[in-house]
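Asker: So the chains spell out like this:
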Amino acid sequence: MVQSSRHDIVIVGGGAAGLRAAIQAAEANPDASVALVSKVYPMRSHTVSAEGGAAAIAREDDSLELHGFDTVKGSDFLGDQDVIQYFVEDAPRELALLENWGCPWSRNDDGSVSTRAFGGMTTKRTWYATDKVGFHMLHSLFQHSMRFPNIVRYDEFFVTKLLVEDGVCQGVAALEIRTGEFHAILGRAVILATGGAGKIFPFTTNGTIKTGDGMALAYRAGVPLKDMEFVQYHPTGLPGTGILITEAARGEGGYLRNNKDERFLVEYDYGVGDKAELGPRDMVSRAIIQEFEAGRGFENRYGNYCAVDLRHLGEEHIDAKLPFVRELARTYIGVDPVHEYIPIRPVVHYMMGGVDTDITAATPLPGLYAAGEVACGSLNGANRLGSNSLTECLVFGAVAGRNAMDFARGSADGDQARLVAQAEEEAARVEALRGNGKGSEQISSLRVEMNSALEAGCGVYREQGTMAVAADATRSIRQRAADLHLKDTSKVFNTEVISALELLNMVELAEALAVSALHRKESRGAHTCRDYPTRDDQNFLYHTLAHRTEDGPRLDRKDVNLGHWEPQERKY
Amino acid sequence: MMAEEARTLTIEITRFDPDRDEVPKTQEYEIQVQDDWKVLDAINYIKDEVDPSLSHRWSCRMAVCGSCGMMLNGEPKLTCKTALSDYDSKLKIEPLANFPIVRDLVVDMDGFMEKFRKVKPWIVRAKERAEDMENLSEKGTFSQSPAQLASFKQFSMCINCLLCYAACPVIANEPEFIGPAAIALGHRYNLDTRDEGDGQRNAIFRGEGTVFSCSFANECSEVCPKNVDPAAAVNQAKLGAVVDWAKGLILPRGGA
Amino acid sequence: MAGAAHPEAMAPPKKGATRTAPPRMPGSWWGAPRIRTYLLFGATGIIYLLAGTVVLRLVWALGNGPDAWDYALGSLSHPLYLIFHALTFVSLIFVGVRAFGTMMPKMQPRNGPFPPLPAAAVRGLIYSVWALLTLLLSLVLSGKIF
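Protein chains in written order, with the working numbering: chain L, 211 to 782; chain Z, 249 to 504; chain E, 11 to 156.
No wet-lab data here; the hints were simulated from the structure. Check before you lean on any hint, since a few could be wrong.
Calculated cross-link-like contacts (lysine-lysine; reagent style BS3-like; alpha-carbon spacing at most 25 Å) [stated by the list, open to error]:
#1 E:Lys-154 <-> Z:Lys-368
#2 Z:Lys-366 <-> E:Lys-25
#3 Z:Lys-387 <-> L:Lys-334
#4 Z:Lys-401 <-> L:Lys-334
#5 Z:Lys-273 <-> L:Lys-701
Looking at chain L on its own, in the form it has when it is part of the complex (with noise of 0.2 Å):
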């Protein structure tokens, strides 16, 4: 029996971007009623790892036009220029909301909020809680949200598709995680923010729970995918585990180092002089995969690896600013970045692409939004500038939950008997699945070899060969899907049911990955091809759009929004 339950609006996901957009229209709609849904209790939502920081202007001496220019230039012009117009002018009132709301941000002696520098950013503009800034905005977000009784939270329900009726988004069919039951609930517009995906790779600094659930509901219900070649490739990541070592690490002063003591990134040279750690991300991490084919990385049984050295920072700056990185490199790998080294190599940390939205985080779906690292609303481009995307939580989070809203209130409620019985029909594909023993494929081996397929074909470096290896891999890879073998029968808090439909979930975005990579030949932000190592303006100044069909992806284009900002040559 599939329990059914009515709303205005229905948000997927617990983060920064779903709690934002859940206060958003329940503060401006008391009489509103906002299903707050996540497959987890919303202060697990993986927003909680962030470290370094949320970009946005607040000194004398930065401007809207270059924060504006940095993240243009960050995306090697692929980001769409009217959304990162909108993004720069509107951060600073999200970030100062947020601190209205209780969010611990590090402080000036003068009691104003301090800033410090990040890779890509031209000058002192990413405000921080030391470097947990992720963890304490979701859980002032989580708390603050806790005040308004008209957002209804679902914790711990598995959303397993988005329920469309005469071609409008209007609900969601959930597993109730504890009981095993199915939920209909239905709104007139649905938000996804649900986050990346960075489980479809061996090696990420995402947590377990980050596989792709939302953009794979969007996939399926016709929605296209966007820019999904770009994979962000965080430079420091620690050997073994992938844990992060935040970027604020290099941007209080730390170096990169490699085997022979050298700050091997100054002969780099992206014309930032003594700055040199603070390139964008994705050419630090390709110049750390050079020196280690150059022979000059360290290496211990997880294989090659460069350092972060913080130790002429001194203790008391490290314990000031960069507590949580001394605290997880002496539990994780058992160095004192006091006294050591901290080793790190490449590691990938989020998804630049994801379901196609525009400036008012609207997808092509009526009815569906999606906001946060779910979305491509092309803020990012080709390559994200860190510490802009827990911003865009909040900035994309709002400007969701605003329009959706807006959606609801002009619309009205669908048929509940058919959506109710789209709901059935999943109940049943989901009860199948249960415990399936029929099924030939181990769901953690198939996920190895999907993991593989990618970390091999789709690197920070990438070739036209293994490229198309791995979309031929993935392939077969979601074709075997189908048929996973299950072991547990039961209804409660089945685990391994919700690990066979997130790996369903993957699947289809790691073919959609790798087909999308494939076709793009030349080399733009993080999708680096040796074939073709230059930028192609004239043939692939687009956006990649994936659109689902049984035999794999068919790809589509979409024009970039230029017209403030020329595309150069991109030189730091």
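Using the hints provided, position chains Z and E relative to the given structure of chain L.
Answerer: This is chains Z and E only, laid out in the frame that chain L set:
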């Protein structure tokens, strides 16, 4: 993953499936473990390779999401932060104590979520934001000195991992006790210079089952993986609630 | 423009319940050394209870006239009583140290506009005040002053 050293370890894990088991039972797993694994890695290995029906919660694996608290040999710990090498012969993994068990290593935390909301964990202002503008800078932020920030910062570091609830002997006897994390959070907002809700929260703290149920066991601070020191928060909150009450006696209208 | 979705839409989600196993005590919780300290701390309550009855006895004696009072006071010097006094004294110090210790091992209460003092200074201050009060009280009770 390559490993320099592997050894065999027997791990005892609590199993409970309400559809099948009357009461929780214990199951043993003998597995090869790597020397640099955390306890969580071992649990995940069992889930992936040995017994996919084992249920547990986890996410960030870097000690900040707060999902993976469990009892390790009777002590509440974050499994992602605890090295497996701390246990050379015997490791017994149980769900967090003092919580109803939903399944295997998963506990029911809905009760906690209700307690959490009771302390009004948000900034309370006397005026709406639109009328409050004179208290904000031109950038729209409150002024707060580093010292004022430092006065509550530590209490804002709680990741809601519930280890303190599992350790608290008061919760064990009085499940309604609102508990260390919730009080620390309420106290964190009381200390925040931007907040004007301490009167409301102190009234809550003087109610049944809150700060005065605490009996100074200090267990919460012992087990806290983030050094939040909830015991200090609880004891300071006791003081605050009493001072606030005394003020109310002396200044019937002037008090908060 | 349509109104709010449905009257019942604000209700908490219809979450289902499943049968749970009852909460368990932390395993062998009495075995940990710090729990033993806690139990000891709790046990000092017995000593204070006894001390309370001693005070009651003295008050009773006061009501029965000067002879009874002198007798009662005199009996406090009995060796058994002396042991009890020592025990009470130790308990008091134990509870005091524990309370002050847990009050602010890392954090201080807000002290108005004043900058926070180093924890050691605060602790020093507390113990000095405590010692001073104890001394003052002893002097008053032994009739050395007032």
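Asker: Hints first: check each against the structure and report whether it holds.
Answerer: Hint by hint, here is what the structure shows:
Simply put, E:Lys-154 and Z:Lys-368 have alpha-carbon atoms about 53 Å apart, too far for the 25 Å limit, and the pair is violated. Using a Cα cut-off of 25 Å, the hinted pair Z:Lys-366 and E:Lys-25 holds, with the two alpha carbons roughly 20 Å apart. Distance hint between Z:Lys-387 and L:Lys-334 is fulfilled; the C-alpha atoms sit about 16 Å from each other, no more than 25 Å. A threshold of 25 Å between alpha carbons decides the hint, and for Z:Lys-401 with L:Lys-334 the separation of about 23 Å falls inside it, so the pair holds.
Under the criterion of a C-alpha separation no larger than 25 Å, the hint pairing Z:Lys-273 with L:Lys-701 is consistent with the structure, at around 18 Å.
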